[in-house]
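Asker: Chain order of the listed sequences is F and W.
The numbering used here numbers the first residue of the first sequence as 1 and each following residue consecutively.
The numbering used here numbers the first residue of the second sequence as 1 and each following residue consecutively.
Wrong hints could be hidden among the right ones.
[As the list claims (entries may be wrong)] Simulated pairs of lysine-lysine, BS3-like, Cα-Cα distance not exceeding 27 Å:
{"hint": "1", "chain 1": "W", "residue 1": "K331", "chain 2": "F", "residue 2": "K96"}
{"hint": "2", "chain 1": "F", "residue 1": "K424", "chain 2": "F", "residue 2": "K367"}
{"hint": "3", "chain 1": "F", "residue 1": "K344", "chain 2": "W", "residue 2": "K266"}
{"hint": "4", "chain 1": "F", "residue 1": "K206", "chain 2": "F", "residue 2": "K428"}
{"hint": "5", "chain 1": "F", "residue 1": "K424", "chain 2": "F", "residue 2": "K206"}
{"hint": "6", "chain 1": "W", "residue 1": "K331", "chain 2": "F", "residue 2": "K424"}
Hints listed in this document are in silico derivations from the structure and should not be mistaken for laboratory results.
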Amino acid sequence: MTRTAEHHDVSPQAVTLDTTVVTSWKAPIAFAIFTVVALALAVFAPRSGDTTYRWSRETDAIQVPDLVVPAEQALWAVVALLAVATVYSVLLVRSKRRVPLWLIVVFAILFMFGFLTWAGAGSSLPMIGLLFGSLSLAVPLIFGSLAGVIGERAGVVNIAIEGQLLAGAFTAAVVASVTGQPWLGLVAAMVAGMLVGMVLAAFAIKYFVDQIIVGVVLNVLVTGLTSFFFSQVLAPNAATLNTPPRFDRLPIPLLSDIPIIGPVFFRQTVIVYLMYIAVALVFFGLFYTRWGLRVRAVGEHPQAADTVGINVNRTRFWNVALAGAIAGLGGTFFTIGSGIAFNKEMTAGAGFIALAAVIFGQWDPIKATLAALLFGFASNLQNTLSVIGSPVPSEFMLMLPYVVTIFAVAGLVGRSRPPAADGKPYIKS
Amino acid sequence: MSDPTEPRGEAPRAHDLDPDVALEEPGAASPATGTATVDARATATGPGGPTEPDAPPPSRWHTMLRQIATGNALISVLSVILALIVGAIMIAFTDERVQETSAYFFARPSDMLGAIWDSVSGAYAALFQGSIYNFRRDTFLAGIRPLTETLTFATPLIAGGLGVALAFRVGMFNIGGRGQMLIAASVAGWIGFGFDLPWGLHMLVALIGGMVGGAIWAGIAGVLKARTGAHEVIVTIMLNYVAFYLVSWMLRTPGLLQAPGSSNPKTPGMKDTAIFPALLGPQFNLHLGFLLALAATFLVWWILNRSSLGFKFRAVGINPNAARVAGINVKSMYVYAMLISGALLGLAGVNQVLGTVTTGFTAGIDAGIGFDAITVALLGRSTPWGTFAAGILFGAFKAGGFSMQAAEGVPIEIVLVVQSLIVLFIAAPPLVRTIFRLPDPNAKPKRARKAAKKEVAAK
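With the hints as constraints, model all of the structure from the sequences given.
Answerer: In structure tokens, the structure reads:
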């Protein structure tokens, strides 16, 4: 699958340098598969009629005109373009060059456009609702993946994201219900997530227990604890303990009036705005501050970090605790973020999806956020298509994000490299 | 993410002594490598060992007492006790009578203490009577029924736990138990209700079909890891969801898995020729599946400890780079390991449809066993017989948990808490030792310490 070619570059200074270009057939193969899928849709399940993309709501100040596309012709055009992209990628790889990222992005957008047009033939797609919902659904995933990124960059595998989200959701619901203050619920959720993170850190760092074991077990523990207290305490006293107030939508003046972008990004709840800040802070912090340098040092080469005077285990402990607090904050989305009462196992595997986003995003906060957004988009796509009456059984739509992830991980991401000391305890000798 | 079974911490130094010995040591390749090999080293260089020639040999009683006090068995027992104590605290605190009596605790403390005792002892008595022996029944046969229930609940946990444990030993983490069980259950169920075959053969075909289904589903992750480097944790998690939605779709589509003439997403019942026979007669639920799980345990033990394939598995699990240098095809080991792992989880799925729930199944047939299996494998330290024992323990908790819920109104989730605490405590022996103030096996006895120090200085 992978070929290596040698290029002899001659620099202006007449110094000969050998460079090795590793090319891979994975991207062309993945392209070809998706092109065939699109072709199959066009040939075996043709749908006629117009697809209307609605870009604004009636209440918006600035109206963006709808985009009307004839479904059948559009799908054929997309198939042709996809085929061109596939051929181009094959040519690139044959001439020992890499498939550039922009081509992959363009390919994905084209495929998505073709699919949406095909699925929405004869009806109109509310794009604002689709994107708005995608962002909302991605919120816990983004917080979870940020927690995963910080933990793993510091060298501690955090499989307990699911447990931290659940602990955050539970505590937020209870504290907000009792006090009537969603903000207090938010703080309590962060504390709860932090506690789970601290248990993980204590077992992983002090007792050298395998981090995956602790993570898996903590998930079970938090599931058990929250479900137990739900059945035993919350359910009989639902009125006082489990009727959380919700954060109201908070449109940001001016920004929320921008067409398309405004309604999607700037008419959200406080939790979503906190998410923007968190992503920016984590990205900036990890790569441009002393804190970030230290976190990455203890995760990549703890011995070296120790040599220059960084306390490896203390750094790891507090960063895993911080990561827990971030994941706990993400858990608030499920209860006070949506105004829903806590229920058993209500996070439903979101923590594992966040974990997948961490690896998919190659341990980078921005890429992990994008991966989480992709998951959010795919799950909301199903909701939207089932409302307009999709030709595909809903189960297959629900399956789509997971299948796409498998393809992406196998075909495009490939062998992603975790931080070097990820998962290994540091034992000072 | 790193390989879960990669030797870490102190382990490599222990292996330096003799790589083959380290390979044969069953705990050495388990995910709890750190603790296991530290213990192994402690026995190798412990009291009476060659490292302290100057020290007078400690008395036999002393040695024996130390071994009991520092051994793994004691840690395991103490871990279970600790977890049960935490469970007791939770039961007591959420009990209504305890809350009522706590209001006047300082006036009449005996009331609250009595209420605590009633709630905790009642719950744990129900747990025991639901899982091992019910003294309230008249005959021995009726009284022992809970024990057979325990074994019935343990059967899929053992099979699934073996699958996860085997993958662990090869350095892979199979979180995809749910998907593999669902696919296996669907294939076995489809053969079980859709075909007419003679008794025995029908069962066998369904069993093999289901196991192959599970193996293929896990094999996807193995092949992708070997060929493209896709991380098996992501792929197996994703395949869980894919399998769930695939099976849900088949269950509501007439002509595939849905029962004819029904609109529920449920299959028809299995044909009698495909159902696992009851082992102890019709009044007990225990079925052939338990013997299959027992056989699977033996088979996995044989594969891991006696076959050359198992040797390669463990070599790859401990150090894939060294294994590659030694001429082992690491990639095909990943594929084989996932295939076997998936087949074992498939056995758990087949066991559900042909043994436990024979009247037709829904998409919830896996009943969370795919995830429980991970805890079982961890508690069993990824060894076959350890997993077997852990499966029976968790089966007992499950059987007893249901009767506890029915008899005392204690939610079954308490079982999850106790189970996870047990694994957590067992994984961290130093914590348990600190709580019970037990001696540390690494700290040498006082008399020997001086001699050991001298030797270190000489090096």
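Asker: Hint by hint, note whether the structure agrees.
Answerer: To see whether the hints hold, each was checked on the structure:
Between W/K331 and F/K96 the alpha-carbon distance is near 26 Å, which keeps this suggested pair within the 27 Å criterion. In summary, the hint linking F/K424 to F/K367 is supported, as the alpha carbons are separated by about 24 Å, within the 27 Å threshold. With a CA separation close to 24 Å, the supplied pair F/K344 and W/K266 stays within the 27 Å bound. Restraint check for F/K206 and F/K428: the C-alpha separation of about 12 Å stays at or below 27 Å, so the hint holds.
Taking the CA atoms of F/K424 and F/K206, the gap is about 12 Å. The hint holds against a cut of 27 Å. For the hint pairing W/K331 with F/K424, the CA-to-CA distance comes to about 23 Å; that is within 27 Å, so the pair holds.
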